[in-house]
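Generate coordinates for the entire structure from the input sequences, incorporating the hints supplied.
Below, each chain spelled out in residue letters.
There are 4 protein chains.
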Amino acid sequence: MSQDNWNRWGSEDERGALNHIDAASVKRAAALATTGQVISLTQPLSARTPFPPHRAGVQHFMGRSGGDYAAGARRPGGFQFAEDTLLMPAHIGTHIDALCHAWYDDQLYNGFPGAGTRGTTGASRCGIDKMGPIVTRGILLDIAAVRGSPLPDGTAIGVADLEQASRAAGGEPAKGDVVLIRTGWMERQSDAVRFDHEPGIDLAAALWLAEREVAVVGADNFAVEVLPFATGTVFPVHQRLIRDFGIPLLEGLVLQSLAETGRHTFLFAASPLPVVGGTGSPISPIAIL
Amino acid sequence: MSQDNWNRWGSEDERGALNHIDAASVKRAAALATTGQVISLTQPLSARTPFPPHRAGVQHFMGRSGGDYAAGARRPGGFQFAEDTLLMPAHIGTHIDALCHAWYDDQLYNGFPGAGTRGTTGASRCGIDKMGPIVTRGILLDIAAVRGSPLPDGTAIGVADLEQASRAAGGEPAKGDVVLIRTGWMERQSDAVRFDHEPGIDLAAALWLAEREVAVVGADNFAVEVLPFATGTVFPVHQRLIRDFGIPLLEGLVLQSLAETGRHTFLFAASPLPVVGGTGSPISPIAIL
Amino acid sequence: MSQDNWNRWGSEDERGALNHIDAASVKRAAALATTGQVISLTQPLSARTPFPPHRAGVQHFMGRSGGDYAAGARRPGGFQFAEDTLLMPAHIGTHIDALCHAWYDDQLYNGFPGAGTRGTTGASRCGIDKMGPIVTRGILLDIAAVRGSPLPDGTAIGVADLEQASRAAGGEPAKGDVVLIRTGWMERQSDAVRFDHEPGIDLAAALWLAEREVAVVGADNFAVEVLPFATGTVFPVHQRLIRDFGIPLLEGLVLQSLAETGRHTFLFAASPLPVVGGTGSPISPIAIL
Amino acid sequence: MSQDNWNRWGSEDERGALNHIDAASVKRAAALATTGQVISLTQPLSARTPFPPHRAGVQHFMGRSGGDYAAGARRPGGFQFAEDTLLMPAHIGTHIDALCHAWYDDQLYNGFPGAGTRGTTGASRCGIDKMGPIVTRGILLDIAAVRGSPLPDGTAIGVADLEQASRAAGGEPAKGDVVLIRTGWMERQSDAVRFDHEPGIDLAAALWLAEREVAVVGADNFAVEVLPFATGTVFPVHQRLIRDFGIPLLEGLVLQSLAETGRHTFLFAASPLPVVGGTGSPISPIAIL
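In the order they appear, the protein sequences are chains W, F, V and G. With the first letter of the first sequence counted as 1, position 43 gets the number 43 in the working numbering; the numbers rise by one all the way through. With the first letter of the second sequence counted as 1, position 99 gets the number 99 in the working numbering; the numbers rise by one all the way through. With the first letter of the third sequence counted as 1, position 118 gets the number 118 in the working numbering; the numbers rise by one all the way through. With the first letter of the fourth sequence counted as 1, position 78 gets the number 78 in the working numbering; the numbers rise by one all the way through.
Hints were generated in silico from the structure; no laboratory data involved. Check the hints yourself; a few may be wrong.
[Unchecked claim] Derived lysine-lysine pairs resembling DSS-like cross-links, with alpha carbons at most 30 Å apart:
no.	chain 1	residue 1	chain 2	residue 2
1	G	Lys27	V	Lys27
2	G	Lys175	V	Lys27
3	W	Lys175	W	Lys27
4	F	Lys27	F	Lys175
5	V	Lys27	V	Lys175
6	W	Lys27	F	Lys175
7	G	Lys27	V	Lys175
8	G	Lys27	G	Lys175
9	F	Lys27	W	Lys175
10	F	Lys27	W	Lys27
[What the hints assert, rightly or not] Some but not every residue of chain W turned toward chain V, in silico, with C-beta under 7 Å:
no.	residue
11	Asp13
12	Gly57
13	Phe61
14	Gly67
15	Ala70
16	Ala71
17	Gly119
Here the structure is a predicted model, which means the values were calculated and not measured. Every residue gets a Cβ at the ideal spot worked out from N, C-alpha and C, and that includes glycine.
Printed below as a string of structure tokens:
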């Protein structure tokens, strides 16, 4: 049982490694916006957005639409409008895991009780509403480029991969960075996405990132870490990064366009929906080059 | 029937005034990140988030939670997790209107047919998925400060107010800016929020902003424009800005903390959820000072 | 701690007092269908259906509709159709409580553990899917008629009321009956329904019914029992009838039309939606006279 | 363009062939309850309930559960409870089609305009809330028994099949009957249910039933009629029975237990949820023998 970053920012802290980001990080990151190019790192959300078997997909219900007017709806003052309702699991498409999302030994990050997250109230501690905006340097570790092609399912990305990709990126991830790991998984997907195997980082790679005091670890796959897991473990990277280090995971990123620019560091900006007591949020991260 | 910005960016354009933002805008805006302070402009989302009578509120359904483990759920490999599902209208809390949200004479922005938005498919044109990230200069026009206190419901903010607030901001809004108008409405709300009146801009003020070629108009109220409407009109600002000028509206902003910094211009970053065919999206905008 | 009907029908029983109904009950009840008149005892379901503050209301999302065709949707082979999706709490409108809905001392009816009902799985025991169809004699105890008018909120219906109404009905409730208690509450409601007080049965009345071995207790209010509760108790009738006697409660009935017929006994038929692990179900009971 | 039963029960009628049922039908049907056996004809509802690709499945969200108490929730006055919320398409599992569900030439049953069903309001005419309870004679036409085994997909059930099954049932369907057709499809299903082919009645068989003035046609498949359709037609039985004759279709029935009793006629009772403007309803029909 490890508690690496517990109490590092006080016994009441619910933001974990995001505390590695300070005003200086933000200013340094803003200076990376040298070309003014803006890239979305986000999957579209629709009934076609893939989801694992234990979850359900996005449902998009139209209320008022153009069809209503075609069918004779009134338009007082000429005004016409359309609107809709969205149903989705928090962990679908491009999304970020709150620190209440994963734990072990009945304790969340910073020692908060797991039982503080209930069906009636959601998470009393470490909910996604405690996270706030994320603005800092982003660094792309393009493992697919380093290895020469998208990684097959089940491929573990180890420390050596991260080191090699860091060299290609001009340096290792630094304190307060958002690390974006490109496996090529997202680009390989077609209709029948499977959620029981994927390329991703192994535990040693995760700890290497945590040692560098990064703020967030993201990837272009569905769970950041390699599946199947190492024998005898279940989501070991989730357990250690989220619960022990307080590092949120950013999943389902679209990194191909970013990779094609050749840029490895940039201003990263993203902000989850502050769902009170939520375990995560769909998110639309931006790379500003 | 006006079509101010139709065809300005080609007959297939679905992004409207966001085209006013170019790489130079982004670079200039990034240079405003001088202190590294980051401020969220977003309301929390929960069953308590106010909504108008013709809509329903947020529902947050927990699936797996700490309660399941307390009740004996298995934890293979020690792993414990919590997750949830979110139901919400697109136009709740802090949200942005897609260009398919409002129109008149059966035509959307750029002449696309209103009937292209249907119950089965959502918007075939000008959906929120066409919008992309918004990174540019933000400018706060603090009408509540100029007038000395939060504006009462029904107060029209006119051109003179915008001019006076612009002077306080060090200059008028410029091409490609996101304009954030603080009425003080948000800070005045308590339990029973009403959606039939609010302070907001009048049509002349809206056109003054459109002339300055701003990219987005936002406010800390629920509909940007003043309610009740001028006699004989219904959502005139929505009709003209969204449909004729292609200017998205950003509603339900939280601007008090930003106002308290004394800063009026800053790097603004926000990105809607790219819901395919959606009429809008909850959004978590960021001001970077 | 009482366990009145526990083990009465075996340690694995999940149907409780519904076991009081046998084939003979059904045949006797069918013989009551003497006029062939059929009456629905059900409230309409819509966004207007009242709900208490801790729940949300019905949402009815249209998918395909006539508006789509008016807007140009294709009609292969001439075929046109409309369809929709329904969101609703299980305990809204006219509904029946499953035996897993209410308990105390961490044990459900028949001693099943309360912790067997979880966020991920629903109720492993006594879910609404275990209930099956209910066909038996219905008996109307028309307290509003006996007292001369709809009962004011907070009025406790006691044993004397049930006895008096039974005389009017031609006899007391018998083993296997569904008892329907008319308070007049439903007919008194207008727009702003309150859920913190209502006329209803007191605990003594509930026990009087349980002694008569009825199968179900229903009423035309929202919770069968009187609110506010007797001092120091919270839902005492739910606790005793559901958990100790295994008697489901049928709430939100519409009894006015039935009462107006002058008939007090009839063939009763209703069947909940068999939602696996559900705690209740909206239901459309029928009286056949 | 046929309008077989239009205006038969007046220009405002929205109940169609259910008008074939009168008090005498009910009394005759009640006399069939000779053994007192009660059989549910309903599928369980859960995330596993099959649904076609253009719809989504059931979602069952627990709110309060036993897990909350295990995790420390308060229990004022000892009271503990569980409750939940249900999301489902109207046409899932065992369900009945409202007369607004299917039409052609822009007109519903009885000439009501298709455009009267909109995204904002649902069906203004022929919604499921207009249907009311269904109590009448049920007659089982057991085609699977007549043919000796469950019918393969794509098998058309014709008039000769209905005639042969009627002989086995002791006579043809009569005015006001609910006809239940057993194809054996339901019993053949395992995990991957397909919705593009099934055994079912052809158009001639449907018209044969309509001539007999039955009130409802039901089957143990997903759409009553055979798929693939006859060349050049799309849901021809839906078009003719629902729109021209006003006969609701009852789909997804579970008929095996009923068939095993050897009984072919019985008292049938079912009542849809009266969703205002709904196009159909999950339903739990009962056979009383």
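Against the structure, the hints come out as follows:
As the CA atoms of Lys27 of chain G and Lys27 of chain V are separated by approximately 13 Å, the hinted pair is consistent with the 30 Å bound. Straight-line distance between C-alpha atoms of Lys175 of chain G and Lys27 of chain V comes to about 24 Å, which keeps the hinted pair within the 30 Å bound. For the hint linking Lys175 of chain W to Lys27 of chain W, the alpha-carbon distance of about 14 Å falls within 30 Å, and the restraint holds. Pair hint Lys27 of chain F plus Lys175 of chain F holds up; C-alpha atoms about 14 Å apart against a cutoff of 30 Å.
Taking the CA atoms of Lys27 of chain V and Lys175 of chain V, the gap is near 14 Å; set against the 30 Å cutoff, the hint holds. Under the criterion of a C-alpha separation no larger than 30 Å, the hint pairing Lys27 of chain W with Lys175 of chain F is consistent with the structure, at around 24 Å. Taking the CA atoms of Lys27 of chain G and Lys175 of chain V, the gap is near 24 Å; set against the 30 Å cutoff, the hint holds. With a C-alpha separation of about 14 Å, the suggested pairing of Lys27 of chain G with Lys175 of chain G holds against the 30 Å cut-off.
Between the alpha carbons of Lys27 of chain F and Lys175 of chain W the distance comes to roughly 24 Å, so the proposed pair stays at or under 30 Å and holds. Restraint check for Lys27 of chain F and Lys27 of chain W: the C-alpha separation of about 13 Å stays at or below 30 Å, so the hint holds. Taking 7 Å as the C-beta contact cut-off toward chain V, the hint placing Asp13 of chain W at the interface is violated, the least distance being around 27 Å. Hint on Gly57 of chain W is violated. Least Cβ distance to chain V is approximately 13 Å, over the 7 Å limit.
This hint holds: Phe61 of chain W has a C-beta 4 Å from the nearest C-beta of chain V, less than the 7 Å allowed. With 7 Å as the threshold, the beta carbon of Gly67 of chain W comes within range of chain V, its nearest partner Cβ sitting at about 3 Å, so the hint holds. Of the supplied interface hints, the one on Ala70 of chain W holds, with its beta-carbon coming within about 4 Å of a beta-carbon of chain V, less than 7 Å. With a cut of 7 Å, the hint placing Ala71 of chain W at the interface with chain V holds, because the nearest CB-to-CB distance is about 4 Å.
Checking Gly119 of chain W against chain V: minimum C-beta separation of about 4 Å stays under 7 Å; hint holds.
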